[in-house]
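> Listed below are the residues making up each chain.
Protein chains: 2
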Amino acid sequence: MRIDANDIQALARGCAVLGTGGGGDVRTGSLAAVRAIREYGPVPLVKLGDLPDDALVVPLSGIGAPTVSHEMIHGEDEPKRIAEEVERIFGRPPSAIMSSEIGGANGVAPVAWAAQLGVPLLDADGMGRAFPEVQMVSMYVAGLPADLVIMSDVAGNVVTIRPLDGLWSERIARAVCVAVGSHALMADYVLTAATARGAVIEGSVTRALEVGRATQGAADPLEALRESLGAVRLITGKLTDVERRTTGGFVRGTATIEGTGDDRGRRLSVELQNENLVAIEEGRVRAMVPDLITVVDTETAAAIQTEALRYGQRVTVLAWPCDPLWRTGKGLETAGPRAFGYDLDYVPVEELMARG
Amino acid sequence: MRIDANDIQALARGCAVLGTGGGGDVRTGSLAAVRAIREYGPVPLVKLGDLPDDALVVPLSGIGAPTVSHEMIHGEDEPKRIAEEVERIFGRPPSAIMSSEIGGANGVAPVAWAAQLGVPLLDADGMGRAFPEVQMVSMYVAGLPADLVIMSDVAGNVVTIRPLDGLWSERIARAVCVAVGSHALMADYVLTAATARGAVIEGSVTRALEVGRATQGAADPLEALRESLGAVRLITGKLTDVERRTTGGFVRGTATIEGTGDDRGRRLSVELQNENLVAIEEGRVRAMVPDLITVVDTETAAAIQTEALRYGQRVTVLAWPCDPLWRTGKGLETAGPRAFGYDLDYVPVEELMARG
Numbered sequence: 003m004r005i006d007a008n009d010i011q012a013l014a015r016g017c018a019v020l021g022t023g024g025g026g027d028v029r030t031g032s033l034a035a036v037r038a039i040r041e042y043g044p045v046p047l048v049k050l051g052d053l054p055d056d057a058l059v060v061p062l063s064g065i066g067a068p069t070v071s072h073e074m075i076h077g078e079d080e081p082k083r084i085a086e087e088v089e090r091i092f093g094r095p096p097s098a099i100m101s102s103e104i105g106g107a108n109g110v111a112p113v114a115w116a117a118q119l120g121v122p123l124l125d126a127d128g129m130g131r132a133f134p135e136v137q138m139v140s141m142y143v144a145g146l147p148a149d150l151v152i153m154s155d156v157a158g159n160v161v162t163i164r165p166l167d168g169l170w171s172e173r174i175a176r177a178v179c180v181a182v183g184s185h186a187l188m189a190d191y192v193l194t195a196a197t198a199r200g201a202v203i204e205g206s207v208t209r210a211l212e213v214g215r216a217t218q219g220a221a222d223p224l225e226a227l228r229e230s231l232g233a234v235r236l237i238t239g240k241l242t243d244v245e246r247r248t249t250g251g252f253v254r255g256t257a258t259i260e261g262t263g264d265d266r267g268r269r270l271s272v273e274l275q276n277e278n279l280v281a282i283e284e285g286r287v288r289a290m291v292p293d294l295i296t297v298v299d300t301e302t303a304a305a306i307q308t309e310a311l312r313y314g315q316r317v318t319v320l321a322w323p324c325d326p327l328w329r330t331g332k333g334l335e336t337a338g339p340r341a342f343g344y345d346l347d348y349v350p351v352e353e354l355m356a357r358g
Numbered sequence: 003m004r005i006d007a008n009d010i011q012a013l014a015r016g017c018a019v020l021g022t023g024g025g026g027d028v029r030t031g032s033l034a035a036v037r038a039i040r041e042y043g044p045v046p047l048v049k050l051g052d053l054p055d056d057a058l059v060v061p062l063s064g065i066g067a068p069t070v071s072h073e074m075i076h077g078e079d080e081p082k083r084i085a086e087e088v089e090r091i092f093g094r095p096p097s098a099i100m101s102s103e104i105g106g107a108n109g110v111a112p113v114a115w116a117a118q119l120g121v122p123l124l125d126a127d128g129m130g131r132a133f134p135e136v137q138m139v140s141m142y143v144a145g146l147p148a149d150l151v152i153m154s155d156v157a158g159n160v161v162t163i164r165p166l167d168g169l170w171s172e173r174i175a176r177a178v179c180v181a182v183g184s185h186a187l188m189a190d191y192v193l194t195a196a197t198a199r200g201a202v203i204e205g206s207v208t209r210a211l212e213v214g215r216a217t218q219g220a221a222d223p224l225e226a227l228r229e230s231l232g233a234v235r236l237i238t239g240k241l242t243d244v245e246r247r248t249t250g251g252f253v254r255g256t257a258t259i260e261g262t263g264d265d266r267g268r269r270l271s272v273e274l275q276n277e278n279l280v281a282i283e284e285g286r287v288r289a290m291v292p293d294l295i296t297v298v299d300t301e302t303a304a305a306i307q308t309e310a311l312r313y314g315q316r317v318t319v320l321a322w323p324c325d326p327l328w329r330t331g332k333g334l335e336t337a338g339p340r341a342f343g344y345d346l347d348y349v350p351v352e353e354l355m356a357r358g
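As they're listed, the protein sequences go chains A and B. Mapping of the first sequence onto the working numbering: position 174 corresponds to residue 176, and the numbering continues sequentially without gaps. Mapping of the second sequence onto the working numbering: position 186 corresponds to residue 188, and the numbering continues sequentially without gaps.
Treat the hints loosely; a few may be bogus.
Claimed, not checked - Among the chain B residues that face chain A by a calculated CB cut under 8 Å, a handful are:
no.: 1; residue: Pro165
no.: 2; residue: Val178
no.: 3; residue: Leu354
Derived from the structure by calculation, the hints contain no laboratory data. Note that the structure is a prediction, hence the values are computed from the model and not measured. Heads up, the beta-carbon is just placed ideally off N, CA and C, and yes, glycines get one too.
In isolation and in its complexed conformation, chain A is listed as follows:
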């Protein structure tokens, strides 16, 4: 399969939904993808099983404060400089690139990067959603040593980090990012196809495309989306309060939705830290990270980013299960509620729903 310019709108819609409110604005990533496909041609989408064991897969993502990466200022040269550094280190060029994070802009922009490099995009990612910190990736949870990060910025600097562990990786990468203007392109890990097996979330790009297409031309876009995701509807209503502040490069806050129609009299609050992390109704948790929680426009079923939440919007909150990898001990330690400072024991969303 090849990703053509016509696929980008659906991909972007799907990535926005999987972004759980975060992951950056998909619009600029989409423009870059369409432009790159027009210039370099469609991008082959390959499955991990199609690659030889020693093929190099480079997981790429943009990092930066969301308020800055919102603009996603990228040159054409960042992916090339990272590919050059990969070839310098490994003695062979990348065979494919992969989205580190399918949710948000980092799910769409890799199409542009793959087109610019003339390599296929791997149908996989490292999250199955969006997360704010670089160690919150499947490769880390799978126990691959976080031993190589390559960063490239619009000015032309290339920084290669061989960190002691994922936490040092996060700390140093963040400092470099700030030093180079609060935005950079980053390869976090360089994988062989053999090491990638079991350490990446396969089928993510296909899933984002399917989710994005589900609502196209649907009589009931919201129901079509819910079904495509296997999601539960937590509430349909009106945004009555949004408290949001940007601190330390992160957006934190709370969105409150008051039910309308069948949900009249109910009230749900969503805790935000770049992404939607915890949904609470009358003191009871209804869904929590790493399960996915997305606020969508009730009429169009388009996902609304945390930065775009506004008083009065008619919204529906959907929640659905994360990839099983995030439900393992290491997965929850890495990106469960406590990793974000919530004193909560993780309970899967489907179990919370069954409890009623």
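Got chain A sorted already, so can you dock chain B onto it with the hints?
Frame of chain A, contents of chain B only:
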């Protein structure tokens, strides 16, 4: 020639004098050097002319805020990790290491690093003195592209920077340094012996040893030091005022010396920014950066670091010419008075003295 444990005291004294008040405390570097020589044996000192053209020379220095690097917390592994990264990048190990900065602790500690690596120390450095910023090195002035920095910290992280230029190099290296705990070991440039010719200041280690030995057992240590340096004595007197503050990782301030004896009635102020940069008497500049200005104890002729200046000390201020490289257009642009924010046209110290 080999540097033995017995040479370290003289080397440290000489490096302190060449440090012009900065470059970090030589004492901890000395301890590390003595310890490493006892464990690994004396360190061969080689001349650039003795190395084959393709031999790799790695200029090393510790970077960090002086208030932190004062402690010079180093593990044994930082030089090894940098050497491993050099070998990974160039396909061969370093043939020699070089002090990036002969002035201060960075002139002494390389003896320890060379001993730990089992390679010779090159009799050269990148400054002939001490300077606070990473682009203030002879390799930059000689026009070598600042295209590679390798950093290693006590935790075990290795960061390789391929900067666009020396200013980006400084900015990114500084950010990484802060992220890893405000101290790191750094290889700035990796040179072949062929590219090092004309781009390093040769004979620096020998000079530091000679300067350090000049005062040992001398009847008049101050005069012996002055003669060894080819320095002029700007004033002998008493420190009557020290204004000093640490901002943005730099020590800035002014030291005022009132003349005693033959100099009674005179008054000299020394402007500090980590190093002693400008000496002024009654509104007239007597010496300025990149020429060297060092405050020494009048009795022992031992150099006094800017951080150790105290009210009441009996001191003499010496000044002497810098390496000719720093007097070129590019040299003055890089490390002349204006590079430190002084609105002064550079005039060599010997010319200022001739003017009387």
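> Once the shortest beta carbon distance from Leu354(B) to chain A is found, is it less than 8 Å?
39 Å, violated
> Does Val178(B) pass the interface hint, meaning its C-beta sits closer than 8 Å to a C-beta of chain A?
6 Å, holds
> Would you settle whether the hint for Pro165(B) is holds or violated, based on the nearest Cβ-Cβ distance to chain A being less than 8 Å?
Check passed: Cβ of Pro165(B) comes within 5 Å of chain A, closer than 8 Å.
Hint check: a violation occurs at hint 3 only; the rest are consistent with the structure.
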